[in-house]
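Novice: Residue numbers (the working numbering), protein chains in the order written: chain A, 1 to 258; chain B, 1 to 258; chain C, 1 to 258; chain D, 1 to 258.
Please note that a few of the clues may not be correct.
As the list claims (entries may be wrong) - Short derived list, chain A residues pointing at chain C, Cβ under 10 Å:
hint, residue
1, Thr66
2, Leu132
3, Val243
4, Leu248
Because the hints were derived from the structure by calculation, they are not lab data.
Cβ coordinates follow ideal geometry from the N, Cα and C atoms, glycine included.
There are 4 protein chains.
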Amino acid sequence: MTIKTDIGYSTRDRIVVRGKDLPGEVIGKLDFIETICLLALGRVPEAREKTMLNALLVTAADHGLTPITLAARLTLLGAPESLQGAIAAGLLGGGNTFLGTTQNVCEMLASARERLPNDPDDALITKAADDLVAASLGSDRGVPGYGHPIHTRGDPRVPALAELSTANGYFGVPWRLAYAIEESLSKQRRRRLPLNAAGAMGAIYAELRLPPLMARGLALVGRCGGLVAHLLEEQERPIAREVWDLVLAQDRRGDEQI
Amino acid sequence: MTIKTDIGYSTRDRIVVRGKDLPGEVIGKLDFIETICLLALGRVPEAREKTMLNALLVTAADHGLTPITLAARLTLLGAPESLQGAIAAGLLGGGNTFLGTTQNVCEMLASARERLPNDPDDALITKAADDLVAASLGSDRGVPGYGHPIHTRGDPRVPALAELSTANGYFGVPWRLAYAIEESLSKQRRRRLPLNAAGAMGAIYAELRLPPLMARGLALVGRCGGLVAHLLEEQERPIAREVWDLVLAQDRRGDEQI
Amino acid sequence: MTIKTDIGYSTRDRIVVRGKDLPGEVIGKLDFIETICLLALGRVPEAREKTMLNALLVTAADHGLTPITLAARLTLLGAPESLQGAIAAGLLGGGNTFLGTTQNVCEMLASARERLPNDPDDALITKAADDLVAASLGSDRGVPGYGHPIHTRGDPRVPALAELSTANGYFGVPWRLAYAIEESLSKQRRRRLPLNAAGAMGAIYAELRLPPLMARGLALVGRCGGLVAHLLEEQERPIAREVWDLVLAQDRRGDEQI
Amino acid sequence: MTIKTDIGYSTRDRIVVRGKDLPGEVIGKLDFIETICLLALGRVPEAREKTMLNALLVTAADHGLTPITLAARLTLLGAPESLQGAIAAGLLGGGNTFLGTTQNVCEMLASARERLPNDPDDALITKAADDLVAASLGSDRGVPGYGHPIHTRGDPRVPALAELSTANGYFGVPWRLAYAIEESLSKQRRRRLPLNAAGAMGAIYAELRLPPLMARGLALVGRCGGLVAHLLEEQERPIAREVWDLVLAQDRRGDEQI
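This is chain A alone, in the form it adopts within the complex (with noise of 0.2 Å):
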């Protein structure tokens, strides 16, 4: 039996991460961004990559009032002693609606490119875009990245993305596909279906050649920093009773007073 992990230990005296000496060579030598990429992937990215990556985190950590910060702003309510169980009820709804699509684009654009020769043309791209939207007619998924119910005429995010991308070189196949498959599905649907900002980040986890289930990861971590605000809010000013309040004034009963 071998229970053992490459990413780091400790002795009495030392800890190693990814054979690096962790006091010595690693705090206050790499920043977050870099630390991750070694624990995860053991290399510390190229410039190009870790602006793609911090790109990535901010663009998950939330803003404004969501599922998941509602969720972890009655949480607190309920128990204000634990923090990181307010944190983790909020991370707990990063799933496949929300946050988990990034991973599910990812590993859609990246399969896909594994079908395209090198450098398809952009006929090969439209065909290739038109056969997953056919295929996602017949499952009961439909195509993850796609619409979004606040911003219905384009999700700002996704210009300044893709931006970015260009800018740093990773404007390649899964973008363009992202793109292909948008045009697709608003000619199948009639009606126009915007890339969202998960999408555009599968797109670019995908660029980046970096495993699916880190781009599940990857968007928990930067949405964990938006929590973290948004419970610090709540403890000074807090808001989730009269979100509770709120709703019981919605399912009040005939004459009955709440």
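Position chains B, C and D against the provided structure of chain A, taking the given hints into account.
Specialist: Here is chains B, C and D on its own, set in the frame of chain A:
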């Protein structure tokens, strides 16, 4: 009833965080650490503050096989469909014993600083440390942030963090108190009880004058990064079942074969 | 190193819990409440104890839309692939504010009983209650188990639980203390602050002389039952997205259309 | 926008669940299993249904040291302030590998029953089983509910559950299919792959014609009961640190002393 967050909001065509346009002024412009600060505190950190925050997240990102990474890996074994579940299970172990200690130390040192004059001499620091240690004798919690099950002669991360703090102008009253408590505690217990990494991180959060809850929160963000690495490895080269077998082998009953 | 549990073990052909053969002596012979007792305490409860445990779990099983059920439903919206994640998110809100209060009340009443003689007269009970209320004035927590945001004139579950306790011989010092504290607290606050369901449940756990941690634990088991009902309904007739929309509608900014 | 649950609601003086007055008609009148049914399905179960539900929850309540109980114990070590966190961490391991299997088996058997006539003869059952096994060859999931790492010659809970089902009139098409699949699978794999407890529970949920999601949900309720027992024991006689030490001892590096 007002339900409102200052952190951010979305309209059909825009996303705004802390008054900044997310696609135009944040994505690709600020890195992840700067964005966390912006979201949580409403401001971008200065350079030396950012250096320290990176070091804090890097130090909190796990290495080796700790109870937190073991719980996460065992959870992925049972529910491979939910990476977010395994990460949440891991983070739930970041409480008063392991990671949350950082918050408790930060609170202790920040409130001790409040009771001291500006620029206290060493005698005042020693007196304050002795008082804290004496007060802890009566409580059931003890002084958080000292001693380590593996690094019994001293935690190798502590001098690295102290040096980085000094270089960046963050070695003030909290750090001096933290070391003075080590002296006082070791004298009182009649054995060396060195400051550990959670204690040193708590001192730095107090130096940075950040809210103590943020100390616990950012420790969880850092750990979340480490968990992604462990769960990627678990997916590729699983060890959770071996951990289980190892435990069962210890729990064997008499002659009965398991 | 000994790693051993007294709760149960498996061999190739047998499963034994607390010395009983699971397939032969437990499945189909003991019901769920009896099995929980067997696992946790090593014994089957007597009939009147079982009646009370059933009532405790029934009372803890949620009804209506509480912060806990809302967090669970919002989590299922984001991660429909993981029912366990939505249930975990819900349970994480069962802490010091809502469900865990049961444990805190149980601890308070059980330790107050320790300081009283057997069969104390009403004057002694009143004195003990006054002392507890006076002591709470200095602490930041207050007395747990009193007041309710909706049931401001009294929690309708409390008389039902009191009556059941009386009928089963479990109306002793903890219940008498619980009601005396209500008097003392209302006098001191100059407004009625009635015992709530969590308080009454805490009194019953103290009557049953069960470990206080078990009070928090069984409250979570009961709530887990209620969460299954809510998540089944959410899967069939979802409301989480409406809850989100409702919150966003409150958080509208100026003229900007969401 | 309508936000409404049929499960229950509160007014100032009343609590109503599924049309019944909670204090007057439920607490002390219905036991926990009956209440779960009432909440989830809107009806009280008949006696034989209740017998089966009790057996299902009892079977799902853990025994011994499984990955789920280990994750919960390791989490309590790190965050002793939050029992709900340790329970949540445990439940998060109840997914597609371990406990959620029950749901998957229930879905598989219920939908196979749909495609069969009423009262099918054995040849039809065998044919349906062979078809399911053949179809599973192409998929990456395999047939859920068969084989066990410890009970390699047969899971001792299965005959107990089968007998109880027969005695209560619940041994119909799902059970017959479950056993026929065992035959078909063992023939095809050329080694015995016996039905396990999760498989048998899945068959019973299909016999009871309950929604498959309820199978996963109730398995979690049952397990929650077992987790309370393990965490009580962990609080009194902890083993989590020994588990950690045991793992570290396996991960030793060369001569370096840990």
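Novice: All the hints need checking, so say for each whether the structure fits it.
Specialist: Results for each hint:
no., hint, verdict
1, Thr66, "holds, 7 Å"
2, Leu132, "violated, 21 Å"
3, Val243, "holds, 6 Å"
4, Leu248, "holds, 7 Å"
The structure shown violates just one earlier hint, number 2.
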